[in-house]
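Peer 1: The chain contents come next:
2 protein chains.
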Amino acid sequence: MKKTIAIDMDGVLADVETHFLNWYESDYGKRFTKTDLIGKSEEDAFPKAGVIKKFAATPNFFSTVPVMEGAEKAIAALQQHFEVYIVSAAMEFPQSLREKYYWLEANFPDIHWKNIIFCGDKSIVNTDYMIDDHIKNLDYFKGKTLLFTAFHNVTVTHHTRANNWKEVLTFFEKEI
Amino acid sequence: MKKTIAIDMDGVLADVETHFLNWYESDYGKRFTKTDLIGKSEEDAFPKAGVIKKFAATPNFFSTVPVMEGAEKAIAALQQHFEVYIVSAAMEFPQSLREKYYWLEANFPDIHWKNIIFCGDKSIVNTDYMIDDHIKNLDYFKGKTLLFTAFHNVTVTHHTRANNWKEVLTFFEKEI
Numbered sequence: 001m002k003k004t005i006a007i008d009m010d011g012v013l014a015d016v017e018t019h020f021l022n023w024y025e026s027d028y029g030k031r032f033t034k035t036d037l038i039g040k041s042e043e044d045a046f047p048k049a050g051v052i053k054k055f056a057a058t059p060n061f062f063s064t065v066p067v068m069e070g071a072e073k074a075i076a077a078l079q080q081h082f083e084v085y086i087v088s089a090a091m092e093f094p095q096s097l098r099e100k101y102y103w104l105e106a107n108f109p110d111i112h113w114k115n116i117i118f119c120g121d122k123s124i125v126n127t128d129y130m131i132d133d134h135i136k137n138l139d140y141f142k143g144k145t146l147l148f149t150a151f152h153n154v155t156v157t158h159h160t161r162a163n164n165w166k167e168v169l170t171f172f173e174k175e176i
Numbered sequence: 001m002k003k004t005i006a007i008d009m010d011g012v013l014a015d016v017e018t019h020f021l022n023w024y025e026s027d028y029g030k031r032f033t034k035t036d037l038i039g040k041s042e043e044d045a046f047p048k049a050g051v052i053k054k055f056a057a058t059p060n061f062f063s064t065v066p067v068m069e070g071a072e073k074a075i076a077a078l079q080q081h082f083e084v085y086i087v088s089a090a091m092e093f094p095q096s097l098r099e100k101y102y103w104l105e106a107n108f109p110d111i112h113w114k115n116i117i118f119c120g121d122k123s124i125v126n127t128d129y130m131i132d133d134h135i136k137n138l139d140y141f142k143g144k145t146l147l148f149t150a151f152h153n154v155t156v157t158h159h160t161r162a163n164n165w166k167e168v169l170t171f172f173e174k175e176i
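Top line first, the protein sequences correspond to chains A and U. In terms of my numbering, the first sequence opens at residue 1 and continues consecutively. In terms of my numbering, the second sequence opens at residue 1 and continues consecutively.
Treat the hints as calculated values from the structure; they're not laboratory data. Heads up, the beta-carbon is just placed ideally off N, CA and C, and yes, glycines get one too. One thing to keep in mind: the hints can contain errors.
As the list claims (entries may be wrong) - Taking lysine-lysine and the DSS-like style, the derived pairs with C-alpha atoms no more than 27 Å apart in a straight line are: (1) U:Lys34 with U:Lys3; (2) U:Lys166 with A:Lys114; (3) U:Lys174 with U:Lys3; (4) U:Lys142 with A:Lys3.
Claimed, not checked - Heads up, incomplete: computed chain A residues facing chain U, CB under 8 Å, no partners named: (5) Gly11; (6) Glu92; (7) Cys119.
Please model the complete structure; the sequences and the hints are all you need to start from.
Peer 2: Written out as structure tokens, the structure reads:
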């Protein structure tokens, strides 16, 4: 039986960081860069407080988010050797549920609906591996963890880190 | 830490059986009873083949399903001693995602969004207990199982059975 991987959406499969920068510029007229956000929390990423939660609760935010660079090819490569599950903490923003489903269908058509999980917290998810950008999901996970780099996690040192999808594949080449 | 229970929606929290009987009568003009369905599979429950899947894929089916008798009080009682998660295989019918979310919010307001999971299959769900009406979900589950009686599972003998929510509570009184 193939080993199982739980893969996060926002910040891992979906480039929400670029999307936040674009939406912020569109709504507030100021262009920030990825470098500007490095080391900040999601709460204080932008001068307008709470703007990330506001965007996440806005219809069409999740349906229009760009795919993270390299994610399509990496998922296809991983599926050859592993059972890939997409596990997204979507329940805080219920309008995102259908948007996330159709975004996956459009961008990752080879991911079967049986392998999609939308949850609140991820504490009852049991796979062999988890790829996520949030330590709140990784810290209590019982399998092997891989922290996908995001602006808000650059100081974290207690999980194996992948800076991009190429590094994810390098990690899993040793796990086959 | 409280022990965890994964509780199914359709056929357990939600009385889909009554709903199927009502919708069938409304669409095809014939009234069947719960007794008529006993021992049949979901596929051959009604003379019209595939009608259950058709109803499940129809907008407003899941938003209007009645609550299973005794479920509200039982969930409240269980929450005092256990961490209750609602785990529904909703992904086959993506239109159901938002309907199921808002149905839970309306009928079970004390269930936090952090404790809701919509999935495809349930194979990566890891809780101490699972209550479900389908053996495909219970057979590979590693914790303790409780089969909630439904017309399609009356011949199953390899799981502990609960015929109603009162019997679920009797089972869990011994597990506290």
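Peer 1: With reference to the structure, classify each hint as holding or not holding.
Peer 2: Hint check results:
1. Of the pairs offered as hints, the one joining Lys34 (chain U) and Lys3 (chain U) is violated, with about 34 Å between alpha carbons and a cut-off of 27 Å exceeded.
2. A distance of roughly 32 Å separates the Cα atoms of Lys166 (chain U) and Lys114 (chain A); the hinted pair therefore is violated under the 27 Å criterion.
3. The hinted pair formed by Lys174 (chain U) and Lys3 (chain U) meets the criterion: a straight-line CA distance of about 13 Å does not exceed 27 Å.
4. At roughly 17 Å between alpha-carbon atoms, Lys142 (chain U) and Lys3 (chain A) fall within 27 Å of each other, so this suggested pair holds.
5. Taking 8 Å as the C-beta contact cut-off toward chain U, the hint placing Gly11 (chain A) at the interface is violated, the least distance being around 19 Å.
6. With a cut of 8 Å, the hint placing Glu92 (chain A) at the interface with chain U holds, because the nearest CB-to-CB distance is about 6 Å.
7. The interface hint given for Cys119 (chain A) holds, since its Cβ lies 4 Å from the closest Cβ of chain U, which is under the 8 Å cut-off.
Of the hints listed earlier, those the structure fails to meet are numbers 1, 2 and 5, in rising order.
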